[in-house]
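Enquirer: Protein chains in written order, with the numbering used here: chain A, 1 to 219; chain B, 1001 to 1110; chain C, 2001 to 2373; chain D, 3001 to 3627.
Source of the hints: derived by calculation from the structure; they are not laboratory data. Be careful, since some hints might not be right.
[Claimed, not checked] List of simulated lysine-lysine pairs, DSSO-like, C-alpha gap at most 27 Å: (1) C:2245 / C:2075; (2) C:2158 / C:2048; (3) D:3494 / C:2075; (4) A:108 / B:1077; (5) C:2262 / C:2345; (6) A:108 / B:1009; (7) D:3535 / C:2075; (8) D:3343 / C:2075; (9) D:3535 / C:2083; (10) A:190 / B:1009; (11) D:3343 / C:2083; (12) C:2158 / C:2207; (13) D:3423 / C:2075; (14) D:3494 / D:3511; (15) A:190 / B:1079; (16) C:2314 / C:2230; (17) D:3492 / D:3614; (18) B:1077 / A:75; (19) D:3540 / D:3423; (20) D:3015 / D:3029.
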Amino acid sequence: MTTTHPNAMSDIEAHGHERSAEGEVQPTIELVTQEGKNKQLGVWLFIAAESVLFASFFAVYLALRHSIPNGPQPKDLFELPLVFVMTAILLTSSFTSVMAVMNMRQLKSSAMKGWLVLTWLLGFSFLLLEIYEFNHYVHMGHTFTSSAFGTAFYSLVGFHGAHVAFGLLWLMTLLLRNARREITPYTAPKVYSFSLYWHFVDLVWVFIFTIVYLMGKVG
Amino acid sequence: MSGESSTFKRPDRREIRSELKVQTTAFAVSIFLTILAFGAVVYAIEQGASQGFAVSFIIALAIVQVAFQAYIWMHLKDKGHGVPQLFFYMAVYVTAMTVIGLMFMSWWSA
Amino acid sequence: MKKKRLGRGVIVLLFTFLALTLSACGDPRLTTFSPNGTNAEESLYLIKLSAYIMFAVMAVVFVLLLYVIIRFRAKSDDTSIPKQVEGSTLLEFIWTAIPVIIIIFLAVITINMTFSMAQDHSEDPDAVKLEVIAHQYWWEFRYPELGIVTAQDLYIPKGKKIAATLRGDDVIHSFWVPNLTGKIDTNPGYNRDGTLQNVNRFTFDSKTTGIFLGKCAELCGPSHPLMEFKVIALEPADFEAWVAKMKEPVQVKGQTAVQGEKIFQQNCAACHAVDASDQAKRPGPNLANIGNRLTIAGYLPAETEADMRESLVKWIEEPNRYKPQNEQATVKTVVMPPFKDKLSKEEMNELIDFLLEQKQYDPANFKIGTEVK
Amino acid sequence: MATVAVRAESERKKKSMLWDYLTTVDHKKIAHLYFWTGLFYFLLGGLEALLMRTQLAFPLNTFLTGKSYNEVLTMHGTTMIFLVAMPLLFALMNAVVPLMIGARDLAFPYVNALSYWLYFFGALVMHIGFLTGNVPQGGWTGYMPLSLPEYSGFGMSYYAMGLQLSGLGTLLTGINFVATIVNMRAPGMTYMRMPLFVWTTLIASILIMFAFPPLTAGLFLMIYDQLFGGQVFNVAGGGNVILWQHLFWIFGHPEVYIVVLPAFGIFSEVIPVFSRKRLFGYPAMVVATALIAFFGFMVWVHHMFTVGLGPLANGIFAVMTTIIAVPTGIKIFNWIATMWGGKLRMTTAMHWSVGFIFTFVMGGVTGVMMALPPADYQYHDTYFIVAHFHYTLIGGTVFSIFAGAYYWWPKMFGRLLNETLGKIHFWFFFIGFHMTFFIQHFLGLWGMQRRVYTYLPGQGFDLANLVSTIGAYLMAIGVIVFAINIVYTFVKGKPAPADPWDGRTLEWATKAPVPEYNFARLPLIRGIDALWLEKMAGHKEMPVIEDYHDIHMPNSTVLPFLMSLTLAIAALGFIWKEEFNHAFLYMGIGGIVLTLLVMFFRSVIDDEGYHIPKAEIEREEMKGVSV
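Okay, chain A solo, but in the shape it has when bound:
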């Protein structure tokens, strides 16, 4: 026989049934569904794992940044004004995605999309500047194969660039598929996941401009 156990309900109260406990504080739109909660946690876990992946590339770079049997030194290579502009652009794009999420939570669909488009444009200009920068280095003789330093540099910065490019593809897909949709508990977690990812890409850049570019100039 399958009946609800008579003690079941009192047990829920005694042990603080998680769902009912969360029910008291209403969640924001991206967290109402189980899928939304899973997505948020999943992206965080992914970010944690990716941090260690980037950390490994950073560690390799730090170990090899003086290993330049031939090719130019970081001091002669890096141009701080360009890096500063790139940094400012990426930071701003991270901020615009914050604004997008704030508007999403208020269900302001068109404002959210506007901020997302702005994020995309900023991200895209960052990517263009990075391509320009790499092209410039190659002409100076600093290539992927020129030295261990070269490989470590392009592995790290290029891997970040690949993350930016992937983020742009992701955001474009999101914008396309949601172009005519409203904000729902089904679509909101997707936007929120993207914004978390995009912030993470920005966080990595903070360490890149510090450790690769600024330290390349002084250390």
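Knowing the structure of chain A, use the given hints to seat chains B, C and D on it.
Expert: Coordinates of chains B, C and D only, in the frame set by chain A:
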């Protein structure tokens, strides 16, 4: 979706305003920290100041900035972020091990 | 049922018995159980110490386990429910604390020994300086202060510290003479200015005279197991004699050997020197004293002159058969080419006559009556 | 928002079995996929082991020499760790972890399928070298610079690409299980009520999340150096060969715990059930597991004591390593204490568990001995090491997989494996195992280095190697008995009841066979050993927290299969561009583009799953359980 509440919170006007203030401040602080870091390096190069100091200074700035963005932009400060926070710190721990390991145990002279 | 319990007891006894007897086995020129050097003695001390402690730990666990599975086995009709015990803080504390004490004890000894074994003797004027360079698949030994270069057979004086630096010429190898010392890797690596990096430095010695077997312990390619070498520990006076002899050029006497020298000059001299004081970096091993080598190519027999002839012919004709290389490697490391079709039988004999006259110092007296413990 | 389709009943069971398994996202079916694939590679890896032992039976044997031996050696190690140990554990995790916490599936069913197919294609890529003639041969550790094409051709590129694919799958599995265990527990299933297998799965998954990225980075750099002219490990270009060893072992040591912690979890389930007693010292077991994981990231240099990092590094890492023995010891004593005072039923699963304690203690104590650098200078890279890690990996992981297979077979496949055959399997394998590996401790100490295809006569190795080889064949007989048992069970085995062992945890509260939604109504958990508590209180079933309702299920999809396939195509394209012809570069790029395309489809196609109607569920549940 069965078994799940479909009601969710729409932040009210006051919450929006305070949140907007916090996020904008975070942005301003980020930009400020960035300028500070670049400025420190330019200063160090031109004035020939201690490079060790410059390096530790900019790394400290980077750590502050990352913590700031993670807590505010990525909402780690918000309720219900205990597990993400835990994993954030685990990642910091493994990162530290990896970086220390490769930086200090890869090269040695005879 | 009883049979199985008995079986388990027998296994435990058997292992203890085996452990005690097996340690006496092994080749005395090789096994770590008969150390002849300081490093090996220290290692064995720690191995034994930790093993005894661990035997005790194992004994405790096995006795408990055996007792439990015999005492508490349910009878087939027993459906009673035993007391559901949650745990015991006292017990948890005990089986945390005891291992912690054991580990602190081991750690103190270990740290001390790790540092003492790492003592650097490279500035010690009494120590013999040695450079070990590992190649696919042979060992080069250089004595920078004595001006001697040899290969495969490493001569050292008994009782003196050998301050060695080690590096790999191609991939990573590992230097190991179980009787004398534990392993140390030979890493390849260069600085920005082309100087060597990640060169290892370590010290070892032999407390007795004798011939010991050495091995490469890091996978280095298809012929990794064949990359053996010998260490010949001599009385200090004999070592001096060896040094002096090695520096004297050999006068080739036999008529065929004189012919052989020409063949050697034409075919072999680009890669091999026969002069132990030849300091140039050459792709092949220095062949000084090859007439007295204990083995050919590190492992082919050279007990008698006939053995040695046969081994040399085999090796020179088809080196790739006796030390296989990797034919898929995209950049060929310098490999000894086969001379099977290049030299006539007569030429081969002459060449070998020449090589066999390369006898500066004969360690034969140590082949018999070695002082190995 | 698109409406969620309610599935018509007639749609069920229309799919062919092949298509069903190709597109499934159900954790129970993915468990089957993992299990059979893992078992296949177990047989393959075992065959490779037999080939090696045959070669080593006599000195200077010529059965399998030089490069061929190194190939078999490399594939044996890589296969057993990456394609056998982890997938078989994933099989058991997939099969029972959601059931144990009262969930309807993993947090990300789609990703779960993707993980499996990445593993499947990663394993294929690794083995394709056997067709093109370039087989991995640098050892499962892939040390640089031996793994560069300059020294061993492109074999190690298959290794790197294959590991990269299956490693990505493993990483996703790790994330998936963490998210599932954190977010999907049934009401009342607090952290400190989770069965220990769930705990060890959680902690092993966390280890996966943090240990695999360094390997991924290392493999990327390896691939760059092998196929794209990178210089990271190329000493002529300023590279450093030690970096690979660090990256590999920062991954490699936690990896050991990734495969052994779930094993501990399995024994922590089996031993209480067959002792009819709750697990002794549950909180200590949980804390010990967490401590092992924490320290697991601070000990990697003990694999590198002979590299020459200096006494300071060696000393620090030696101490950190010995510390790990403490929590492991706690576990051993708690298992014995669990059996103490119990009513032991010596089933096959219990045989494996007792055999495990016996074996693993021996592997554990040699582990402490090896943690001491001055002693390790002698052990390192010898057969002593080989003996040690086979004692832990076979004695721990493989024994646990067998224990888990006998224990959970009725839950996974609805039948009970034959106990008599099971015990024959155990005794052959157990005796063969000790015969093979015990003597190897001494081989190492007598001076036999590992990874050698042959040894010279007259160095004292001959008899011991022959004994070891005979032992290996005894183990093989054990595995054959297991295979016979499986076939016998499928042909003649009787359907198993839902709770054949008088189980204690939640998975035994589900019906036999487990319906695709696992629990028609989510249960309420009121303590450790939830089912046992209810049984003791005289209840036949778990209390539930909800009435019957439509159950939301994810759609099956072929996209994970396609995504993995296209990535494998890309991987092969990049290898072949160097191995054969530069035109294959287009195949590599094409594969990447196709992968992105599949991801694009995944994003734009609305996939909100379907509902199983309440009526259908009620009807199924009414059929009752055949006890």
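Enquirer: Next, verify each hint and record whether it holds.
Expert: Here is how each hint holds up against the structure:
no., hint, verdict
1, C:2245 / C:2075, "violated (81 Å)"
2, C:2158 / C:2048, "holds (25 Å)"
3, D:3494 / C:2075, "holds (25 Å)"
4, A:108 / B:1077, "holds (24 Å)"
5, C:2262 / C:2345, "holds (15 Å)"
6, A:108 / B:1009, "holds (14 Å)"
7, D:3535 / C:2075, "holds (22 Å)"
8, D:3343 / C:2075, "holds (8 Å)"
9, D:3535 / C:2083, "holds (15 Å)"
10, A:190 / B:1009, "holds (18 Å)"
11, D:3343 / C:2083, "holds (10 Å)"
12, C:2158 / C:2207, "holds (6 Å)"
13, D:3423 / C:2075, "holds (18 Å)"
14, D:3494 / D:3511, "holds (16 Å)"
15, A:190 / B:1079, "holds (20 Å)"
16, C:2314 / C:2230, "holds (21 Å)"
17, D:3492 / D:3614, "violated (35 Å)"
18, B:1077 / A:75, "violated (39 Å)"
19, D:3540 / D:3423, "violated (32 Å)"
20, D:3015 / D:3029, "holds (14 Å)"
Against the hints set out earlier in the document, violations occur for numbers 1, 17, 18 and 19.
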